[in-house]
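Protein chains in written order, with the working numbering: chain A, 1 to 164; chain B, 165 to 443.
What the hints contain is simulated information worked out from the structure, not anything from laboratory work. Quick caveat: nothing in here was measured; it's all calculated off a predicted structure. Every residue, glycine too, gets a C-beta built ideally from N, C-alpha and C. Take these hints with a grain of salt, some might be off.
Unchecked claim - Beta-carbon label-pair distances, calculated as ranges:
# : chain 1 : residue 1 : chain 2 : residue 2 : range
1 : A       : 131       : B       : 223       : 50 to 58 Å
2 : B       : 400       : A       : 120       : 48 to 56 Å
3 : A       : 13        : B       : 245       : 32 to 40 Å
4 : B       : 223       : A       : 87        : 38 to 46 Å
5 : B       : 422       : A       : 44        : 40 to 48 Å
6 : B       : 245       : A       : 72        : 46 to 54 Å
7 : A       : 152       : B       : 422       : 37 to 45 Å
8 : B       : 240       : A       : 20        : 37 to 45 Å
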Amino acid sequence: MSMNEFYTLNVNGQSMQVQDSWVGESLLYVLRERLGLPGSKGACEQGECGSCTVLLDGQAVCSCLVMAATAVDSTIVTVEGLDAHGAELTDVQDAFVQQGAVQCGFCTPGLIVAIHHLLDENPQPSELEVKEAISGNICRCTGYGRIFAAVEQAVAVRKASHTS
Amino acid sequence: MIVAKNLDAALFALREHDDARVIQGGTDLMVEINFNHLKPTTMVSLRHIPELRTITRPDSNTISIGSGVPYSQLEIEPVASVLPALAQASRTVGSPQIRAAGSLGGNLGTCSPAGDTLPVMFALDANIHLQSADSQRTVSIHQFMTGVKRNVKRQDEIITAVDFPIIDGWQGYSKVGVRNAMVISVASACLVADHESGDVRLALGSVGPTIIRCRETEQWLKDNTSLTRNSVISPDIAREFGARASRECSPIDDHRSTAQYRRHAISILAARLLQKAYA
Chain A
1 MSMNEFYTLN VNGQSMQVQD SWVGESLLYV LRERLGLPGS KGACEQGECG
51 SCTVLLDGQA VCSCLVMAAT AVDSTIVTVE GLDAHGAELT DVQDAFVQQG
101 AVQCGFCTPG LIVAIHHLLD ENPQPSELEV KEAISGNICR CTGYGRIFAA
151 VEQAVAVRKA SHTS
Chain B
165 MIVAKNLDAA LFALREHDDA RVIQGGTDLM VEINFNHLKP TTMVSLRHIP
215 ELRTITRPDS NTISIGSGVP YSQLEIEPVA SVLPALAQAS RTVGSPQIRA
265 AGSLGGNLGT CSPAGDTLPV MFALDANIHL QSADSQRTVS IHQFMTGVKR
315 NVKRQDEIIT AVDFPIIDGW QGYSKVGVRN AMVISVASAC LVADHESGDV
365 RLALGSVGPT IIRCRETEQW LKDNTSLTRN SVISPDIARE FGARASRECS
415 PIDDHRSTAQ YRRHAISILA ARLLQKAYA
């Protein structure tokens, strides 16, 4: 297996070099093992669980199913690069903490990215829209009740910050 | 990795490298690679080719969808009102993350009998555009898919677009699986009722080595009814239509379901779709 791929990825606003890699490496692998960004989690490696969700050109995708070398000339945002507007946590992350939406935590980064993507496109989602938006993110601990509560809080916080 | 910026560059790369494989969204191919079932050497990325991401109307009766247009774009306008069955099928694919990456080219390239959009192509008699550096051809979907994960595409060809006829009538897609999201179909069906010709067309997924067009069931309906836009389907006709469709498929037992259940599911899906078409 030849390790002769060299390319540059734009991750979280920075140009990052990938050297001597194999062509078949997934974006998830490259982010975690080559670029020092372990926030995106690897679980199923087949697009079933959503724990590796990142934003690729503004779309939420499973980074385990993106061939990393095809992501050149694209904008990649991982959970580490979500804009917290100067605070320590983003509004969605803060809502997860406040509502106890985290148990083992393995699914959390993917859910945080998926929910940011939802709320950035649709600030007032219906219950069905929330369910559909996170239907690709599997959590085996919470039963989702507290995750929905966290989304509700994030929606309310954003609405209040717009009207104040 | 060859990242092609236009179609010609990709076609040239395929001609120069006979080990080359193409990748668009990667949602099928990367699973094979992640699980070490495939060790690619030369890859040609189609992600940055604008020609493959366009939706056009070559004439007033046809809509042509680029092979790389993601499912998330097929669920919404301008496709949803013209091809509602395709929009419905697209919305059942995987999860939002998968639908943001996957595309018709991938469904066709993989050619799984469970490919969600394939029954829509079979029911609408879609045409597949294939292009190589030296030639181009258009193949009917009925000739394109030849078996389980088999099709007539050559290594040096790229699936560029799928042409769907725009019909005056009703079309719908239904799928049975163990849950709503993230599910590979146990059985699926697409029904098209063409009000201009009075024809009803039915195609079934996940119940045979290829998608199955129910030609005998279609003919039986034509011989026993004279359908117009305002017809009503009696429960007896719907039940018999479903029963005939379930006899026309050839499902197997596998890890997702049994052949018996699949036949039952098809009889219900076909009957319901027919009644919905004339409701």
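Here's how the hints hold up against the structure:
{"no.": "1", "hint": "A:131 with B:223: 50 to 58 Å", "in the structure": "violated (40 Å)"}
{"no.": "2", "hint": "B:400 with A:120: 48 to 56 Å", "in the structure": "holds (52 Å)"}
{"no.": "3", "hint": "A:13 with B:245: 32 to 40 Å", "in the structure": "holds (39 Å)"}
{"no.": "4", "hint": "B:223 with A:87: 38 to 46 Å", "in the structure": "violated (55 Å)"}
{"no.": "5", "hint": "B:422 with A:44: 40 to 48 Å", "in the structure": "violated (26 Å)"}
{"no.": "6", "hint": "B:245 with A:72: 46 to 54 Å", "in the structure": "violated (36 Å)"}
{"no.": "7", "hint": "A:152 with B:422: 37 to 45 Å", "in the structure": "holds (42 Å)"}
{"no.": "8", "hint": "B:240 with A:20: 37 to 45 Å", "in the structure": "holds (42 Å)"}
Checked against the numbered hints above, the structure breaks hints 1, 4, 5, 6 and satisfies the rest.
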